[in-house]
Each structure stands twice: as structure tokens, then as C-alpha cells.
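Please take these sequences and the hints and turn them into a complete structure.
The C-terminal position of the sequence shown is numbered 240 in full-length UniProt numbering, with every residue numbered one higher than the one before it.
Derived from the structure by calculation, the hints contain no laboratory data.
Treat the hints loosely; a few may be bogus.
Distance windows between CB atoms, simulated [unchecked claim]:
id, residue 1, residue 2, range
1, 64, 130, 36 to 46 angstroms
2, 52, 27, 15 to 25 angstroms
3, 195, 86, 25 to 35 angstroms
All figures in this text were calculated on a predicted structure; none of them were measured in a lab.
All residues carry an ideal CB built from backbone N, CA and C; glycine is no exception.
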Amino acid sequence: MPVLEVTGLRKSYKDRLAVDDVGFAVGEGETYGLLGPNGAGKTTTISMVVGVLARDAGEVRIDGRPHDTASTSTKSVIGYVPQELALYPDLTARENLRFFAGLYGMRGGEARRRIEEVLTTVGLADRAGEAVGKYSGGMSRRLNIGIGLLNRPRLLVLDEPTAGVDPQSRTAILDNVRSLACDGIAVLYTTHYMEEAERLCDRVGIIDGGRMLAEGSPRELGAPDLEAAFLQLTGRALRD
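Structure below.
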């Protein structure tokens, strides 16, 4: 059974159809890349997947259970890392994590242990006592991912987590994502960087104009590479 199963997703904003009959599935320990240029419908799709945006039609199931904006049990097994940084710059990394751990209902020793585990996972244990406002963009992105890991999610949803970061931080983030999938977490990863998808993803779905144009492994879709495949399918460059 897939950790995440999406069928027939549809969403309109007034007279604009943003997502049209999108479907895919992500298994345990699998990294699924949702690829497309800005405005393709990626963020709208994942907003419906995590349950922060109501859908007009379709179905989302987490571990076989129906999931929507009103769900609580299924939301508790999702880690969501949005494009925008959800951090308090005046607090330290450890204090940020402590705050969000409290929102998950973690207290005392449980919270302290999990915070230290997350800091180690994202490579910030040695900088945990510094104010986040002094962090580089890449470090802030890694802490943002750490917040999404606090609840030990079955499904981790990452919306363009490397946007605007330097090459060294980008490499660290990609290494983090790969290790999380190896630990059995199902990862849904949106990006418009084809090299990231080729490096990380077991399968990818190419989306544009709100529709899923193709799906398969990077090797199956490559013509001779994913960038070329995207051009063939859409007639435009990925980073338009």
C-alpha cells in the first residue's frame, strides 16, 4: 500500500483551472519528484496533498486513509516544509525547534531528545545555540526541514527546499533528503531543477498547466535527459 495515493485532484481559482486531474502515488522509502516550471501547479497540488487547501475534486489517501483539510490523524504523520521559511529569527535553532515541538504536543525529555536528533540529522548541532537571524540561507533551509521532521513523519513533503541557497548548502540538503528516504520515509519533492530530480528521485511526474504530462523513473523519461524530455512535452524551458 502506498504511503501517499492521489487520484483525480482538481482545483480552480475563479475561471483559472490550476490543477486538472492530477494523480500519483509515493511508497515507503521512495522519493517522488514533482517537476515543472513556476506556475505549473506544483505548490497548489502539494497544498491539497498536505491538507492546507481544499480541493474541488479528487481524493488523497495517507496509509490508505482518506485525508483532507479536516483530517487530524493523517495530518499527524505528515511533515511539510514550505518554500517560505517558517522560523523565528530572534530565537536560536534549538528554541525554534522547542516551540514547534510544543505545537506537536511534545514535552520534557521526549522533546529534548527529538530536538537533538533533528539537529544532528540536519547538521546544525554545533550551531544550535545561535540566533537563526545570523544563519546563512542554506542553514535556515536546513532548520526548516528539521521542523518538518520533528513528528517523525511517514510522509515528508518538500516544496523547492533548495531555492536560493548556495551550492554547498544545496548539496547538504540533497544529502539529507537521500538519507531520510533510506530511513523509510516517503518523500514528495517539488523542484524545477532537473539535476536534483536525476540525483534524488526514484520516480518523477512532469506537470505543466496543472496537468500531469508524464510519469516514470528519470531513466524512463530521459530523452536523453529530463530537461530534454520536458522540452519535448511542453515546448518550453523548465525555468520559464
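Now the hints, each set against the structure:
At roughly 42 angstroms, the beta-carbon separation of residue 64 and residue 130 lies within the given 36 to 46 angstroms, and the hint holds. Evaluation of the 15 to 25 angstroms hint for residue 52 and residue 27 yields a pass: the beta carbon distance comes to about 23 angstroms. The hint said 25 to 35 angstroms for the Cβ distance between residue 195 and residue 86, and at roughly 27 angstroms that hint holds.
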